[in-house]
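Colleague: Please take these sequences and the hints and turn them into a complete structure.
Protein chains in written order, with this note's numbering: chain L, 4 to 308; chain V, 4 to 308.
The set of hints was computed from the structure by calculation and includes no laboratory data.
A quick note: this is a predicted structure, and the numbers were derived from the prediction, not measured.
Check each hint, because a few of them may be wrong.
Unchecked claim - Straight line, CA to CA, 20 Å or less: simulated PhoX-like cross-link-like pairs of lysine-lysine:
hint	chain 1	residue 1	chain 2	residue 2
1	V	Lys207	L	Lys190
2	V	Lys289	V	Lys67
3	V	Lys207	L	Lys207
4	L	Lys135	L	Lys167
5	L	Lys207	L	Lys190
6	V	Lys44	V	Lys284
7	V	Lys44	V	Lys23
8	L	Lys207	V	Lys190
9	V	Lys88	V	Lys67
Chain by chain, the residues:
Number of protein chains: 2
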Amino acid sequence: MSLLVVGSVAYDGIETPFGKVDRILGGSATYISLTSSYFAKQVNLVGVVGRDFADEDIELLKSKEINLEGLQIDNSGDTFFWSGKYHYDLNNRDTLDTQLNVFERFDPVIPESYKDAKFIALGNIEPSLQGKVLDQVNDPDFVVMDTMNFWIAGTPDALKETIKKVDLLVINDSEARELADEPNLIKAAEIVRDMGPSSLIIKKGEHGALLFTDNEIFSAPAYPVIDIFDPTGAGDSFMGGMLGWLAYTDDLSAHNLRRAVIMGSVMASFCVEEFGPGRLKNLTEKEIYDRYREFRSLSEIPEVV
Amino acid sequence: MSLLVVGSVAYDGIETPFGKVDRILGGSATYISLTSSYFAKQVNLVGVVGRDFADEDIELLKSKEINLEGLQIDNSGDTFFWSGKYHYDLNNRDTLDTQLNVFERFDPVIPESYKDAKFIALGNIEPSLQGKVLDQVNDPDFVVMDTMNFWIAGTPDALKETIKKVDLLVINDSEARELADEPNLIKAAEIVRDMGPSSLIIKKGEHGALLFTDNEIFSAPAYPVIDIFDPTGAGDSFMGGMLGWLAYTDDLSAHNLRRAVIMGSVMASFCVEEFGPGRLKNLTEKEIYDRYREFRSLSEIPEVV
Numbered sequence: 004m005s006l007l008v009v010g011s012v013a014y015d016g017i018e019t020p021f022g023k024v025d026r027i028l029g030g031s032a033t034y035i036s037l038t039s040s041y042f043a044k045q046v047n048l049v050g051v052v053g054r055d056f057a058d059e060d061i062e063l064l065k066s067k068e069i070n071l072e073g074l075q076i077d078n079s080g081d082t083f084f085w086s087g088k089y090h091y092d093l094n095n096r097d098t099l100d101t102q103l104n105v106f107e108r109f110d111p112v113i114p115e116s117y118k119d120a121k122f123i124a125l126g127n128i129e130p131s132l133q134g135k136v137l138d139q140v141n142d143p144d145f146v147v148m149d150t151m152n153f154w155i156a157g158t159p160d161a162l163k164e165t166i167k168k169v170d171l172l173v174i175n176d177s178e179a180r181e182l183a184d185e186p187n188l189i190k191a192a193e194i195v196r197d198m199g200p201s202s203l204i205i206k207k208g209e210h211g212a213l214l215f216t217d218n219e220i221f222s223a224p225a226y227p228v229i230d231i232f233d234p235t236g237a238g239d240s241f242m243g244g245m246l247g248w249l250a251y252t253d254d255l256s257a258h259n260l261r262r263a264v265i266m267g268s269v270m271a272s273f274c275v276e277e278f279g280p281g282r283l284k285n286l287t288e289k290e291i292y293d294r295y296r297e298f299r300s301l302s303e304i305p306e307v308v
Numbered sequence: 004m005s006l007l008v009v010g011s012v013a014y015d016g017i018e019t020p021f022g023k024v025d026r027i028l029g030g031s032a033t034y035i036s037l038t039s040s041y042f043a044k045q046v047n048l049v050g051v052v053g054r055d056f057a058d059e060d061i062e063l064l065k066s067k068e069i070n071l072e073g074l075q076i077d078n079s080g081d082t083f084f085w086s087g088k089y090h091y092d093l094n095n096r097d098t099l100d101t102q103l104n105v106f107e108r109f110d111p112v113i114p115e116s117y118k119d120a121k122f123i124a125l126g127n128i129e130p131s132l133q134g135k136v137l138d139q140v141n142d143p144d145f146v147v148m149d150t151m152n153f154w155i156a157g158t159p160d161a162l163k164e165t166i167k168k169v170d171l172l173v174i175n176d177s178e179a180r181e182l183a184d185e186p187n188l189i190k191a192a193e194i195v196r197d198m199g200p201s202s203l204i205i206k207k208g209e210h211g212a213l214l215f216t217d218n219e220i221f222s223a224p225a226y227p228v229i230d231i232f233d234p235t236g237a238g239d240s241f242m243g244g245m246l247g248w249l250a251y252t253d254d255l256s257a258h259n260l261r262r263a264v265i266m267g268s269v270m271a272s273f274c275v276e277e278f279g280p281g282r283l284k285n286l287t288e289k290e291i292y293d294r295y296r297e298f299r300s301l302s303e304i305p306e307v308v
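Modeller: Pasting the structure below:
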């Protein structure tokens with residue numbers, strides 16, 4: 004099945020305790036597309052870049068057979084640029100610079116050839132733009148949405164309007180508590196699901212993730228990464244691995260959603276091993292499935308006899 | 004196999020967002036003994052209480068066939084009393100009152116009949132006293148120790164001396180980071196294991212627990228408790244369920260340690276459902292094993308085909 008990916012395409016400046024890069028390919032749509040391309044038969048990207056966007060980055064996306072028909076090139080300005088510095092513990096970061104550039108005027112136009120996509124990934128952009136994407140597509144089977152505290156606090160009404168229309172919302176634990184106004188995560192999940200999405204994933208960083216569906220909760224472990232090199236893009240890689248797997252298998256059972264959560268975790272665990280999307284360029288099938296098996300053995304609870 | 008339990012026996016005053024009790028049975032040795040008694044054939048308690056200790060509390064412990072030969076009754080004063088108030092999110096609490104009373108002079112004397120215990124639970128008391136227990140026993144198979152940030156900061160040398168002698172250390176995530184002086188939890192675990200214990204459990208509260216052994220890491224999920232009534236004793240119940248299971252099965256394989264971690268999690272999840280040890284008085288075998296199975300399904304990752 005084909006997957007429609009909408010989000011930012013950007014350049015990032017990143018400083019971590021392990022090093023520094025001034026400018027590297029980034030953005031939610033980039034990470035989601037790269038990671039989902041390992042599974043989904045067809046990844047259709049929608050985004051905008053500026054006149055400075057490098058040919059080699061176009062070539063990288065094309066080498067993964069990502070369809071760029073929906074990538075707008077706006078020659079009136081430069082590509083969205085963000086830079087930040089991670090703290091010693093890598094759990095927090097300070098934004099040093101944000102230049103929206105052409106992204107400020109981003110208007111997601113869905114090409115005709117994308118409109119029948121069955122799976123849709125709405126990367127973290129303004130909720131009203133996410134809603135606009137959904138107004139243009141025909142009859143998707145499964146819509147997944149990311150968001151952040153900035154929109155929860157800043158545009159709560161637009162956010163709740165869009166949330167109503169999605170099948171799965173992916174947020175982190177502090178966002179879930181803020182959106183539901185409830186400190187208990189399990190109660191918060193119930194409140195958020197009552198807002199619309201039948202499924203909810205709460206990402207907990209180094210503590211793994213929780214998947215809430217109609218009748219069950221799935222607790223996914225975090226991969227025990229000793230050397231997190233750069234956390235940038237981990238959340239988007241999670242979303243890409245997950246949606247790529249769902250589009251590939253075309254199976255929306257609770258059972259297969261669990262597999263999708265682990266495939267997302269697998270891709271996120273690779274993402275943090277190098278700066279930017281470096282590690283996501285040339286993964287092998289064996290590396291991916293081996294890590295999936297590592298996740299299984301990490302959390303396997305033996306039966307009691 | 005018999006289990007030796009050393010720790011505090013106390014009265015607690017507890018206030019949570021759901022209610023308040025002025026005085027209820029508590030203490031690490033109490034919770035560890037009650038929970039381990041569901042599994043271990045013989046639980047031998049060592050602790051001290053004062054002249055105010057109630058007959059009904061003696062009767063409760065006896066009803067669980069807990070051996071009280073090592074429970075000193077010191078008529079020169081009252082039983083250790085602690086009171087605290089939990090915050091709205093239940094993750095933090097303020098201590099309102101601490102009266103050490105007879106516990107201030109606690110000198111753990113191990114009765115002759117206890118000295119051949121194969122499994123030993125050192126509840127959270129002064130590290131030098133924990134060491135003193137180990138000096139008195141003959142040839143234990145498996146020694147498990149709890150501690151807290153108070154001892155990590157206050158008596159680090161005595162703590163490290165005792166840690167050297169134990170097989171399994173049980174601490175929470177912030178304590179592991181503090182003890183190892185390392186923010187990455189996986190690295191911190193390596194550093195702590197280099198201090199002596201071949202196995203380490205890091206408790207992460209609402210995020211479950213991690214078990215580190217020689218060749219593997221096990222990630223245990225947390226039970227999704229909607230209504231945590233009172234967290235008091237959860238950590239000790241974890242230790243009791245775990246050690247009770249090990250003493251019952253007499254199997255120290257990595258495989259069975261995983262089961263023990265889940266049995267600990269099971270008992271902790273029951274503990275928080277009522278004030279104090281209320282829920283731990285009359286659990287049925289069916290309730291315990293049903294919850295074990297809930298933990299299994301909570302974290303089960305399907306194979307990929």
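Colleague: Would you mind marking each hint as holding or not holding in the structure?
Modeller: Checked hints:
no.	hint	result
1	Lys207(V) x Lys190(L)	holds (19 Å)
2	Lys289(V) x Lys67(V)	holds (17 Å)
3	Lys207(V) x Lys207(L)	holds (12 Å)
4	Lys135(L) x Lys167(L)	holds (13 Å)
5	Lys207(L) x Lys190(L)	holds (16 Å)
6	Lys44(V) x Lys284(V)	holds (17 Å)
7	Lys44(V) x Lys23(V)	violated (35 Å)
8	Lys207(L) x Lys190(V)	holds (19 Å)
9	Lys88(V) x Lys67(V)	violated (29 Å)
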